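Full structure from sequences and hints, please.
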Amino acid sequence: MQRRKSLRLIAAGLLVSVLLAAASQAAERPGVAPGTAVATGPVWPMPPQPARVRFVQSVGGAADWGVARSVWGRIVDVVTGRHALQFVRPTGVAEQDGVLYIADAGAQSVIVFDAPRHKEIRVTRAGNDVLVSPVAVAPGPQQTVYVADSYLKKVLLLDRDGNLLRVVASAGLERPSSLAFDVRSGRLYVGDSKAHVVHVFDAHGTAVAVLGRLGAGPGEFNTPTHLAVAPNGDLAVTDALNYRVQVFSADGQFKYQIGEIGDGSGNFAAPKGVGIDQEGQVFVADAMFDAVQIFDPSGRLLLGFGGQGQQAGQFWMPNGLYIEGDRLFVADAYNRRIQVFLLEPRAAGQSALSQGAQP
Amino acid sequence: MLAALLLGASPAANAQTQIANTVHNLTPGGPGQLKETRPTGLCVYCHTPHNANPAIALWNRDLPAVTYRLYTSSTLQAVPNQPTGSSRLCLSCHDGILALSSLRKPPPGEELKLGPMAGKDLLGTDLSDDHPISFVYDSELAVKRGELVDPSTLTSKLHLDATKQLQCTTCHDPHEDRRPMFLRMDNADGALCLSCHRLEQWTDSSHATSGAAWNGTGPNPWPEGAAPTVAANACLNCHRTHSAGHGPRLLAQAIEIDNCTNCHAGNVAQKNVSEQFAAGAKYSRHPVDVGPWEHDPRELPATMPRHVTCADCHNPHAATATAGIVPAVSGRLRGVPGVSADGTPLREATYEYEVCNRCHGYAEPQVPGIQRAEATRIVRVKIDPSNASFHPIAAVGRNATIPGLRPGLTAASRIGCTDCHNDSDWVAGSNQPRGPHASRFVPILYREYVTADATPESAVSYDLCYQCHDRGRYVTPQASGFPHAQHVVDQQTPCAACHDAHGSRENAHLINFMVRDSNGREVVTPNASGRIEYVSLGTERGTCSLNCHGASHDARAY
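Protein chains in written order, with our numbering: chain A, 38 to 396; chain B, 35 to 592.
Do not rely on the hints blindly, as some may be mistaken.
[Unchecked claim] These stretches of chain B come out as covered by chain A in the derived footprint (C-beta under 8 Å, 3 or more residues): (1) 94 to 101; (2) 114 to 127.
[Said to hold, decoys possible] Footprint (simulated), chain B over chain A, 3 or more residues, beta carbon under 8 Å: (3) 82 to 96; (4) 338 to 344.
These are computed hints drawn from the structure, not numbers from a lab.
Just so we're clear, the structure is a prediction, and the values are computed from it rather than from any experiment.
Ideal Cβ positions, reconstructed from N, Cα and C, are used throughout, including at glycine.
Okay, here's the thing in structure tokens:
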């Protein structure tokens, strides 16, 4: 009898300590609603200039994106010693409707933080394939996501739970390493960095065009590494070894190019992710500068922000970049996080080039 | 090309002509064809040209234009796994997008091990599967970590960067691909690795000297492009510099024992150890495949978690094929830390039992077993030479007059753990490895040794004891001494009822009565006056007080 009673006490004590541990875990990391701007975060340019880019948050794990584990989930974590998901080397990022997609090439996984459904999914295999080098993600139609694996030479379409829906493309791809999906036309763009082309697939998955070829002229590429679709349907291509970004219209006509090689502001030393915002401004991440630079369509530098480091608003070899509405996501590869920024709209009466009050 | 020739034999010119033929020729023309439409040349892809007139940011006209510092930062501290210096340049292209980066998938030809996907590594703190870079390699590190050469003595072929950090460029020369993978040195016999890593006892060890090759059966244990013999592969037999299966210590295979059993399966190494541990092969074994990656080279025997793997008993950098003379360690156990008979951890074991003591020296067995009158179950304590009696494992035995030893053995003989704990199927000269890997008999015994009460005596029942102790003496009634025949044959008492095979702390002759057998049933109990003891009265004389098989002994003498 005595033994029974002490056993019960021990069991109760264990349960209480597990609950306390789970609760304390939760208390340390409150679920922050995604997109909540941090009032005290860095802004660029610094005051008194009007703010253009505002740091919102740094996402290093699911809790940062507001994906809270259930109470029982947390208890299970404490009991089993499961560590929170950590990024290893995120190279690609995308976001749609509160769901954050991360291509973590270092962890050989695609990670999905689904805030609306409070789910955290790690995809390590797609159908029969084990993911080897998933480097790019793009949100597809109806809550699906496209994934490009540069080693498997495949582009895959996954559903919202990470299950394979179909292999979108494999034949003829040498190194698919970038993706962009145009919601309005249903077109998928796949950049092939080894073949120096951009493949265009229509809404049914049929290959309709191949853009570009190896070269240094307009409409030619030397290792295109990142893609982005602008709100108006334009396609931006990071033409990495030509050290420029080229922008094409929705029907594949070359429109303009930005940048050239150099170590100064306005140049590129290692251009990576690209994005175009609602005002037509072009954002380019540079891994050697540890910065994101913003250009207007005529190629003039508007702003460079970032800098090397581990603090908020600093980068360590940023890679992919994604713009959704007024928010900018940067895959900060060697800081093992995604950083989110708010793009302030231009105040009424301001043009892209003016700064309002004269200094 | 002509310009390069005109420039003569300057290093820059040499570099240019060589890099043009490598895959680092990133011009649109590709290797060998310098069809450049702009006068930028081969070098700009890595050596970013300086812009003396950078742009001013239109949204930030107050600030001057910026020139970015691409490699150096005097004040910034990188955290582990953040590349610095020239390694940033390599990794800015080798990111899996512009060029392929290091992958956890083994090269074609090797079986894909799914270990890294599911294993603890991915969620643990060490997330790197590549040789570390971007750290300062100085004398202090060499001393603190150990087994590293002092960097001031590094061969001139490998150099650290200006801040004394090891970077990609220490081992790779991106301009020059005469050797595969742009390596600066040939890595035959591990020469490149051994330029920095100095391992004690490596040079005459089996892995450094063996000319064994793969015999063609089963999957190729070596990756594509490997050398044909063990000695030529050296480090790459077990380690991978990039895309290691297991990050800590950069082991090739994700599953711990696969690093050993991939070759020690009769396909490269002569002895087939893999077979010993195959599921269901043998009843009793060291559980090497239970639980992933518990072993840590720096573990302390007294506090380490309970585990066993190949590396707990063998040091693959030091092991040789030399046979050992009991009680000294054999070559196969060379270079392994141990625990001495009195419990002191040793950096290197000199005796075989010291290796076993590492695990069997502090912890009691987990499996409930025989309970004895003197209850300790820690093996090291039982064989301690300060005990009243012990099998001569840690020292020569106390009894100078042991009757009935088999020819070749005397009271001054020494035995090793492996004389009793060995593979039951081992035969000298076969391809079965000798040693306590696995056996048909619990606990990994060389021969049968029944411990249950009421065992009919036979040559097989106590076969293990009869390896050294002549059976005749205990089966036929003797004129003097303890009446073994009456107990062992007539009463069917097992040896284990009275003797503890390792030693007895209190009594001579390894007497430590079995109070309960391995099933929990009582065997020897206190007699009517509550006594259970043995008293030795000299050679072949003594008294017993106990109750067994219903017979009460009260200082009954022999």
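Hint check:
1. Given a C-beta distance limit of less than 8 Å, the hint that chain A covers the region 94 to 101 of chain B holds, as 7 residues qualify and 3 suffice.
2. Restraint check on the region 114 to 127 of chain B versus chain A: 8 residues with Cβ-Cβ distances below 8 Å, three needed, restraint holds.
3. Evaluation of the coverage hint for the region 82 to 96 of chain A: fulfilled, as 3 residues show C-beta separations to chain B shorter than 8 Å, against a requirement of three.
4. Against chain B, the region 338 to 344 of chain A contributes 4 residues with a C-beta closer than 8 Å to a partner C-beta. That satisfies the three-residue criterion, and the hint holds.
The structure fails none of the hints (numbered hints given earlier).
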